[in-house]
Amino acid sequence: MADVTLPQLGETVTEGTITRWFKNVGDTVRADEPLFEVSTDKVDTEVPSPIAGTLSEIRVQAGETVAVGTVIAVVGASSAAAPAPAAAAPVAPVVAAPAPAPVAAAPAPAPTRAPAAAPKPAPAPAAAPAPAPTRAPAAA
Numbered sequence: 001m002a003d004v005t006l007p008q009l010g011e012t013v014t015e016g017t018i019t020r021w022f023k024n025v026g027d028t029v030r031a032d033e034p035l036f037e038v039s040t041d042k043v044d045t046e047v048p049s050p051i052a053g054t055l056s057e058i059r060v061q062a063g064e065t066v067a068v069g070t071v072i073a074v075v076g077a078s079s080a081a082a083p084a085p086a087a088a089a090p091v092a093p094v095v096a097a098p099a100p101a102p103v104a105a106a107p108a109p110a111p112t113r114a115p116a117a118a119p120k121p122a123p124a125p126a127a128a129p130a131p132a133p134t135r136a137p138a139a140a
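So the sequence shown is residues 1 to 140, counted in the numbering used here.
In case anyone wonders, no lab produced these hints; they're calculated from the structure. Nothing here was measured: the structure is a model prediction, and the numbers come from that model. Be aware that a few hints might be false.
[Claimed, not checked] Derived CB-CB ranges, DEER-like:
id	residue 1	residue 2	range
1	N24	D3	16 to 24 Å
2	A52	E11	16 to 24 Å
3	T70	D32	29 to 37 Å
4	Q61	P7	13 to 21 Å
5	A77	T12	16 to 24 Å
6	S78	T12	23 to 31 Å
7	S78	E11	34 to 42 Å
8	P7	E57	17 to 25 Å
In this text, a Cβ means the ideal position worked out from N, Cα and C, and glycines have one as well.
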């Protein structure tokens, strides 16, 4: 997991207001992909994600003003960012349910029109027979 902080956007900038988020919690984020937009007294800019992964937490909502260096979001690794599905719940033994009775399938609709058959390709030309050997003239 990596904390996303409000970056220093100028020498005299001490705080910024998050104006909007481009991603929601659970969204996949690529490194250097715009993650949020911030407004300061000097600049309005998009701030990229410092890491690839999944946005697992937004700590500062749009419209809130925070100091430079404040953790505003958390990006986790793609596979680890998704919460474990009820890992703490006890696992009940699985009982096989009887198979449902087969359902009669509806008859297939009659074909409306068969597509025209594709023309057969022309056969490949046969190889030409090899020339017969010729006799050399007899020596005199």
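Hint says 16 to 24 Å; check whether the CB-CB distance for A52 and E11 agrees.
violated (30 Å)
Is 29 to 37 Å respected by the C-beta to C-beta distance linking T70 and D32?
violated (21 Å)
CB of S78 to CB of T12, is that within 23 to 31 Å?
violated (37 Å)
Q61 paired with P7, Cβ distance criterion 13 to 21 Å:
18 Å Cβ-Cβ, so the 13 to 21 Å window holds.
Consistency of beta-carbon spacing, T12 to A77, with hint 16 to 24 Å
Distance hint for A77, T12 is violated at roughly 36 Å.
Within 17 to 25 Å: is that where the Cβ-Cβ distance between P7 and E57 falls?
holds (18 Å)
Between N24 and D3, does the C-beta distance stay in 16 to 24 Å?
For N24 and D3 the Cβ distance comes to about 18 Å; the hint holds.
If you check the beta carbons of S78 and E11, does the distance land in 34 to 42 Å?
holds (36 Å)
Hint violations for this structure: numbers 2, 3, 5, 6, all remaining hints satisfied.
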